[in-house]
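Participant: For reference, the chains in residue letters:
2 protein chains.
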Amino acid sequence: MINLTPGPSQLYFTVADHLKKALRENVLSLSHRSKDFEMIYQESTEGLRSLLGIPDTHSIVFTSSATEVWERSIQNLVAEKSFHFVNGAFSKRYHEIAQQLGKQALLREAAEGESFSDFSIPKDTELIAVTHNETSTGVSWPVNAIHSLKDNNPDALVVVDAVSSLPYPQFDYTKVDSVFFSVQKAFGMPAGLGVWIVNEACLAKAETLQAQGYQTGTYHNLSTLHAFAKKHQTPETPNVLGIYLLGKIVGDFLRRGILTLRRETDYKAAILYNTLQDHAQIKPLVQDVHWQSKTVIVANTGSHTAAIRTALQAKGLAPGEGYGKSKENQLRFANFPAHSKEQYELLVDTLAAF
Amino acid sequence: MINLTPGPSQLYFTVADHLKKALRENVLSLSHRSKDFEMIYQESTEGLRSLLGIPDTHSIVFTSSATEVWERSIQNLVAEKSFHFVNGAFSKRYHEIAQQLGKQALLREAAEGESFSDFSIPKDTELIAVTHNETSTGVSWPVNAIHSLKDNNPDALVVVDAVSSLPYPQFDYTKVDSVFFSVQKAFGMPAGLGVWIVNEACLAKAETLQAQGYQTGTYHNLSTLHAFAKKHQTPETPNVLGIYLLGKIVGDFLRRGILTLRRETDYKAAILYNTLQDHAQIKPLVQDVHWQSKTVIVANTGSHTAAIRTALQAKGLAPGEGYGKSKENQLRFANFPAHSKEQYELLVDTLAAF
Chain A
1 MINLTPGPSQ
11 LYFTVADHLK
21 KALRENVLSL
31 SHRSKDFEMI
41 YQESTEGLRS
51 LLGIPDTHSI
61 VFTSSATEVW
71 ERSIQNLVAE
81 KSFHFVNGAF
91 SKRYHEIAQQ
101 LGKQALLREA
111 AEGESFSDFS
121 IPKDTELIAV
131 THNETSTGVS
141 WPVNAIHSLK
151 DNNPDALVVV
161 DAVSSLPYPQ
171 FDYTKVDSVF
181 FSVQKAFGMP
191 AGLGVWIVNE
201 ACLAKAETLQ
211 AQGYQTGTYH
221 NLSTLHAFAK
231 KHQTPETPNV
241 LGIYLLGKIV
251 GDFLRRGILT
261 LRRETDYKAA
271 ILYNTLQDHA
281 QIKPLVQDVH
291 WQSKTVIVAN
301 TGSHTAAIRT
311 ALQAKGLAPG
321 EGYGKSKENQ
331 LRFANFPAHS
341 KEQYELLVDT
351 LAAF
Chain B
1 MINLTPGPSQ
11 LYFTVADHLK
21 KALRENVLSL
31 SHRSKDFEMI
41 YQESTEGLRS
51 LLGIPDTHSI
61 VFTSSATEVW
71 ERSIQNLVAE
81 KSFHFVNGAF
91 SKRYHEIAQQ
101 LGKQALLREA
111 AEGESFSDFS
121 IPKDTELIAV
131 THNETSTGVS
141 WPVNAIHSLK
151 DNNPDALVVV
161 DAVSSLPYPQ
171 FDYTKVDSVF
181 FSVQKAFGMP
191 AGLGVWIVNE
201 ACLAKAETLQ
211 AQGYQTGTYH
221 NLSTLHAFAK
231 KHQTPETPNV
241 LGIYLLGKIV
251 GDFLRRGILT
261 LRRETDYKAA
271 ILYNTLQDHA
281 QIKPLVQDVH
291 WQSKTVIVAN
301 TGSHTAAIRT
311 ALQAKGLAPG
321 EGYGKSKENQ
331 LRFANFPAHS
341 KEQYELLVDT
351 LAAF
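Protein sequence lines, in the order shown, are assigned to chains A and B. The first sequence begins at 1 in the working numbering and counts up by one. The second sequence begins at 1 in the working numbering and counts up by one.
Worth double-checking, as some hints may not be accurate.
It does not matter which identical chain is meant; a pair holds if it fits inside one copy or across any two.
What the hints assert, rightly or not - Derived lysine-lysine pairs resembling DSS-like cross-links, with alpha carbons at most 27 angstroms apart: (1) Lys81 with Lys230; (2) Lys123 with Lys103; (3) Lys35 with Lys341; (4) Lys231 with Lys92.
These are computed hints drawn from the structure, not numbers from a lab.
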């Protein structure tokens, strides 16, 4: 059965082999203070740098999840005021975490499946939180709209949750101060690792807040994470296997080529959206084509939801459920590198025949 | 090569098989909101309950590391005052984290390798932090001394870092409010998971602090962790594979029997300490027999350190280095369930022949 839920999703097809190699090479009992670990760390971060085009102005650190980055980013980058674009369950949770941490967290909301039209931000905003790809609804920001936020608000830090979209989006890293994701979505890996990319402005802000006595955390405050990253280490004993597998998967992605991965994502998204658009019973949830996610595609399946799921499962395809209250009338389709063109062709043929 | 470093240490011999089964059963891409995951969570926590004799008064929650528990325990259980017994690098770090979090963190220090003799605690202490087994020096508290802390300070929460000792110590859970460990030590698993056991008094304290507006964290504050644990879930996407493997290893330990595991630990510790005591060139670092760790045994090897390491490696045994500044003149030997009696007999024979 091919797992089309948007995460944890289908494992990338090489994971099993990499795991077996990790066992043979004793990676699973490796000390996180050894040279061998440092090489694994470096393979992983340097691979990511090549794959995503991350410049040297940005540091790459590891957390245990993207959820952790929600907390750590607010603690380390905001003294008082953050601003959140909220259009679904995950962007909402990021906003709530800022509130829990006692910040003045403003928000602009869009209805389910809708795009934003007002991009004005209060002048004294310290951090603008953008959920590039809202996993619950399949609404995705055009990257240029994110870059414009920086152009129009050069003094605010633009922080992008790219959990269920990377490695697809090609960010201009001079226009995004921080990006983060977790590995169990489009990287096709087992869960338990978050990746947090931060530029020098973020590091400087964290230092300032710490010096001013703000509570920025302990072993995982940004300064400590960065200090260890420079040595290719982590402050705590990390998920060594996760960091190892990430390096290997990134290597596989590099060999396939990021352009190929992005083109295949575009192709698969196009055939699915076309099928949904032309379908008599099913429609895409997101109507504005500029904001339709390429990596998490949500269909309004209404009263046909159960029947469509059954038809897909008969072909070996397990669609994702609609999120939360939409469980009964939507289906979600992850479009990740682990999902092949052939599987997507089978998916659209099955949907079209319904 | 048998890995005798005290962690990450030798994998338990069944880990590879469990991993392969996890791959076959699609555990690595399982949703953390599925019934199957809830069953995995439950297998793991109920197994731990049986193995360690944890009563229903105590909840079991998962973090990403024991380092995380250092931070979360102080945030959730201390308004102002903690008290720390410090006798090595790891107990010191716990104390530092309390300071970083702005608490009045008192400490009582013992020199490297020494035991404590003064157990008096200021009356208004909220949390007493005990590192049951100081991994850097091999000093381990007799469990009765920990239980007495509770008898003499019934109003303070007794929190025990048992990172490199569990499942060996048999705590009286009416006398310890919280215990935590990580899985890459004596459980013989890959790193990336912390286990935090807390009683009702801890949960009540966390609720009180939260109600009073203290900063107790967000997705991993104790109330949230506990609320999800009751549903056999975690707030964030966790290290699902780690939770699965823990359940399987605990199952293996239960089949071997906790009494057998403890007796074998005692046997292996006894033959190693006897050998060190009788040796002309090597001595145990810890002299007080009541405070000699059974699970991390540290030897003063002085100028013979390199030669002894070479002799052991020739027999397929990789000893752990001394910690920090003791790298050149000490060796550390983990005595975990993954280390067999036969391996320990080979170890002592090799040392005796040196």
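Participant: Run every hint past the structure and note whether it holds.
Facilitator: Going down the list of hints, with the structure as the test:
Proximity of Lys81 and Lys230 under a CA criterion of 27 angstroms is satisfied in neither setting, with 30 angstroms inside one chain copy and 34 angstroms between copies. When the C-alpha separation of Lys123 and Lys103 is checked against a cutoff of 27 angstroms, the pair qualifies only within one copy, where the shortest distance is 16 angstroms, while the shortest distance between copies is 35 angstroms. In this assembly of identical chains, the alpha carbons of Lys35 and Lys341 never lie at most 27 angstroms apart, being 40 angstroms within a copy and 30 angstroms across copies at closest. In this assembly of identical chains, the alpha carbons of Lys231 and Lys92 lie at most 27 angstroms apart only when taken from different copies (22 angstroms versus 35 angstroms within one copy).
Hints 1, 3, counting from the list given before, are not met by this structure.
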